[in-house]
Amino acid sequence: MSQIFRAILIDDEPAARRLMRNLLLEHAGLVQVVAEAGTGEEAITQIEALQPDLIFLDIQMPDLTGFEVIERLNHKPNIIFTTAYEQYAIKAFETFSIDYLLKPIKEERLEQSMEKLKRFGRLNTVIDVPGLQEIIRQIQAPKQSTALSIRTGDRIILLRYEQIVYLEAQDKYVYIYTTDGQKHLTDLTLTALAEKLPSRFFRIQKSYLINKERIKEMHRHFNGRYLFIMDDKASSRLTSGRTYYEDIRAEFGL
Amino acid sequence: MNPTIIEYAILIGFCILFGLLGLYLLANFKNTFRNIIGNEWVRRNVLVWLITFSLVVATTPMSGEYFYAVRKYGWVTAILGQMIVATFNTLIVFNLAWLVAAHPFFDRFSFAKRKILVLLTLIISCVGVSLMVKNVFNTDNKEYAGFSILSSIYMATAIGLVYILMSYLDLERKRKFDEKELELSRLRELKTKAELDALHSKVNPHFLYNALNSIADLSITDGKKARRMTVALADLFRYSINYSNNNFSTVREEVEMAEVYLQIEKIRFEDQLTYTIQVEDEVTHYLLPRFVLQPLMENAVKHGLKATGRLTEISLDIRMEQNVLVIHISDNGPLFPDELKPGYGVKSVYDKLDLLFPDNYEIHFSNQPRKEVSVYIKKLMKNEPDI
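So the sequences go chain by chain: A and B. Residues in the first sequence are numbered from 913 upward in steps of one, following my numbering. Residues in the second sequence are numbered from 24 upward in steps of one, following my numbering.
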């Protein structure tokens, strides 16, 4: 008994959808395209409404990624990913998708996919949802943040971490000193910033957080304090707090 | 009457303590009393006096002369004598030697000549001081004057040689340090070059694959568009690949490439996208880092398309405001969030500007009065007409 997979094409580029539609004409006995969607939101609406057996899913779309689309679906169809990004072409796909196709799409490769679909594809599939979500979480590991955004009036300025020399708390505010000798004001507290910033920012005093990679020199000072000379234009000199003595020794292996 | 064994032991212990004190002060010469005595001359003289006195006391058991003085004048006078010797040595010997060692007048001599000069100063002033002290305090035994002079010469030479050895080691260390520094700066320069090379060659490759995928369709469905897109892609990649070691590009070239890029995107998204470009004529010859506009345009397109269901409008505007080049790139997508996470493209813009306009640029992201990225560049360079 031959099955026909009802399919939706999801891609933000009209030409890419058209290409896929044309290529699939060769496989009309297996796949029948019932709809197209140009955005993630549109895709979700269409899939829930039409309950297709198969979707061709682009991963990078401006509004939602392909993964985000899957996560929000109640109806889980068979999936063939289409993407220009090799790094996603990892074995994770094998666990929950039929196949992935790299752009530009090759006809021969599409044929292989169709073979796979014939063998492994099911109408009205049930997908292992928790397993899928776990994989999606891994793939979508948050982008490592590389900069701090500071709002001044209507503007947002990005201070890249390597550019920040140290942060100083004064009253309710925190001043952020950068390598070019400028200082920027933020209303976040030093504690909040310490949590947000990566571990290269190190507390040496109640009101100082310094960038470890911007230390030029470190000297023993009186009373269990250390003097830090920073690698900025002014060679700023910062003294550590006595209560931070042990932390500093441990941090710098002294 | 000779001292007892115990008296000797006490004396030697006492002298060793002084010796240690003197050596400790010598080792910490640069920093001791820094916070207490502000005047450098006073600080050094006080220190040298303490060191000299300590060392003179330390060498007491070796000097028969001292016991002679004790027997003749008593303990207090003998110690007082040591203090006076230390004072003279500090005021005269040390300051003369310091003058020769540090005064800019002597900078004209080579390292070796200058150190020999210091050594001679030490010897002559030591002998002078020793003769003077003998004449003032010890007029009765002239027959020891010869020994006294010899021992002064011996002491001064020893101190002078130690000093020369230390300065030589210091010089060596500095030279090694400078060499390292030089090597580092050379490496840094190489790194800058390599970094720029790496940054240049990266037009987002996925952009290429996606565009080629579109061409695969257009070649059958719309030949004209396919042709336009192929040519535009070729232009863009030629610009990104053939940069012939030039890190800079003119505003004109950068704008041309931004437009080529936008044309490609416009074909890809089939008129879901429009753009306007406004560039003041007088700015077109200024130099920008190569490939600094395209990543910003790409970012704007990505943001603009996020607001689905309406036409995405991108605008690029470049002008001069009070000697600062101002580039505004706006899109009508969703507003910038408070927490911006720069992607690869934006980061590469920062990197290129960091390398070529360090400290002379700013990038602002604003949502009011319109959503835009603004780049301000100071200290611009103009393209030479013949390049």
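Incorrect hints may appear among the rest.
Claimed, not checked - BS3-like cross-link-like pairs, simulated, lysine-lysine; straight-line CA separation at most 27 Å:
(1) B:Lys329 <-> A:Lys1084
(2) B:Lys199 <-> A:Lys1124
(3) B:Lys199 <-> A:Lys1128
(4) B:Lys197 <-> A:Lys1095
(5) B:Lys329 <-> A:Lys988
As the list claims (entries may be wrong) - Residues of chain A clear of chain B, computed beta-carbon distances all greater than 10 Å:
(6) Glu938
(7) Gly941
(8) Arg1137
(9) Asp1159
Worth flagging that the hints you see were computed from the coordinates, not collected in a lab. Glycine included, each C-beta is placed from N, C-alpha and C at the ideal position.
Broken hints, by number: 1 and 4
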